[in-house]
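Colleague: Here's the letter readout for the chains.
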Amino acid sequence: MTVLRIEAAPEDLRIARLSAAAIALSLAEAAIPLPLPGVKPGLANIIVLVVLVRWGWRDAAWVSLLRVFAGSLLLGQFLAPGFFLSLTGALASLVTLAAAVHLPARFFGPVTLSILAAFAHLGGQLVLVRLWLVPHEGVLYLIPVLTLAATVTGLVNGLAAAWLLQRQPYPAAPGEHSPAP
Amino acid sequence: MNAATATPHWRALLRPGDVLTLGAALALCVFSAFAFWRGAHADGVEIRARGQLVAHLPLNAPRTLAVDGALGKTVVEIAPGQARIAADPGPRQYCVRQGWLRQAGAVAICAPSEVSIRLTGSRADHDSLAY
Numbered sequence: 033m034t035v036l037r038i039e040a041a042p043e044d045l046r047i048a049r050l051s052a053a054a055i056a057l058s059l060a061e062a063a064i065p066l067p068l069p070g071v072k073p074g075l076a077n078i079i080v081l082v083v084l085v086r087w088g089w090r091d092a093a094w095v096s097l098l099r100v101f102a103g104s105l106l107l108g109q110f111l112a113p114g115f116f117l118s119l120t121g122a123l124a125s126l127v128t129l130a131a132a133v134h135l136p137a138r139f140f141g142p143v144t145l146s147i148l149a150a151f152a153h154l155g156g157q158l159v160l161v162r163l164w165l166v167p168h169e170g171v172l173y174l175i176p177v178l179t180l181a182a183t184v185t186g187l188v189n190g191l192a193a194a195w196l197l198q199r200q201p202y203p204a205a206p207g208e209h210s211p212a213p
Numbered sequence: 110m111n112a113a114t115a116t117p118h119w120r121a122l123l124r125p126g127d128v129l130t131l132g133a134a135l136a137l138c139v140f141s142a143f144a145f146w147r148g149a150h151a152d153g154v155e156i157r158a159r160g161q162l163v164a165h166l167p168l169n170a171p172r173t174l175a176v177d178g179a180l181g182k183t184v185v186e187i188a189p190g191q192a193r194i195a196a197d198p199g200p201r202q203y204c205v206r207q208g209w210l211r212q213a214g215a216v217a218i219c220a221p222s223e224v225s226i227r228l229t230g231s232r233a234d235h236d237s238l239a240y
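Chains as they are written, first to last, in my numbering: chain A, 33 to 213; chain B, 110 to 240.
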């Protein structure tokens with residue numbers, strides 16, 4: 033009999049654990065009634081930011097995209113318009129974050145990363161909405177509300193991520209290596 | 110973990126550049142409100158009398174025009190970027206009291222005279238959005 037044994041590397045376990053936290057936040061958020069279509073707190077992005085600052089962009093991309101796919105499967109949104117909006121937003125923020133992590137860390141903390149990611153998220157989604165879902169100028173009328181929402185959620189999520197990073201500056205779990213300086 | 114890091118220090122969570130980013134984000138919000146919530150710019154006026162389109166004139170030069178309505182002459186005045194009904198023989202003068210129209214899609218109707226003016230713009234305007 034052949035025994036198939038899958039060995040997960042410590043990095044895999046870490047990404048899986050953090051993705052699970054992000055997915056849990058997505059599910060919790062789906063239960064919150066929302067005032068306007070498109071306005072969401074984006075709590076899972078707190079995890080993505082912490083991962084980005086502590087372990088780098090590659091891990092953040094894994095967590096962010098796993099969150100989009102698994103979260104949409106759990107909510108029954110997979111391949112529905114909401115899934116593509118989520119995916120476009122996540123990809124746009126990841127591209128922006130890839131550039132933004134090179135900002136000098138002394139002056140620009142998680143709050144900057146969070147606000148930039150929130151605006152990239154919004155921008156990517158607006159392009160998709162305008163081109164595909166609502167090909168009409170009326171979408172533009174929502175932009176001021178959406179940018180204000182992006183600013184507020186970006187600030188709050190950034191503060192939450194900064195607080196988590198400050199509280200627990202180094203990973204405590206066994207089998208993990210310290211972050212690169 | 111020591112006591113100093115156990116409680117949040119809100120000031121320490123914001124770095125100098127973060128304040129800049131936040132300011133830029135708020136500036137973008139204000140800018141977008143001005144850019145997208147300002148009514149559509151009008152560039153022409155359509156004048157109708159008794160169901161017929163009498164004239165479609167640009168709003169770039171001042172001009173006064175008398176139109177034959179059901180009750181007599183209705184006077185339409187055009188100024189750069191705006192238009193109004195200056196005089197109408199109708200009994201209640203609603204269209205005259207509406208004053209200058211400036212946004213695309215704005216309408217003044219003199220019902221008894223069967224005369225109306227409507228501003229046109231390059232951008233299509235809408236009454237409402239629904240989901």
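Rather than coming from a laboratory, the hints here were simulated on the basis of the structure. The C-beta atom is built at its ideal place from N, Cα and C for all residues, glycine as well. Careful, some of the hints might be misleading.
Partial pick of chain B residues on the chain A-facing surface, computed with a CB cut under 10 Å [what the hints assert, rightly or not]: (1) Val128; (2) Leu129; (3) Pro171.
Simulated restraints on C-beta separations [claimed, not checked]: (4) Arg138(A) / Ala188(B): 41 to 47 Å; (5) Pro171(B) / Leu111(A): 55 to 61 Å; (6) Asn169(B) / Arg138(A): 26 to 32 Å; (7) Ile218(B) / Leu172(A): 24 to 30 Å; (8) Val128(B) / Arg49(A): 45 to 51 Å.
Colleague: Of all the hints numbered above, which does this structure not satisfy? Sort the numbers upward.
Modeller: Those not satisfied are hints 3, 4, 6, 8.
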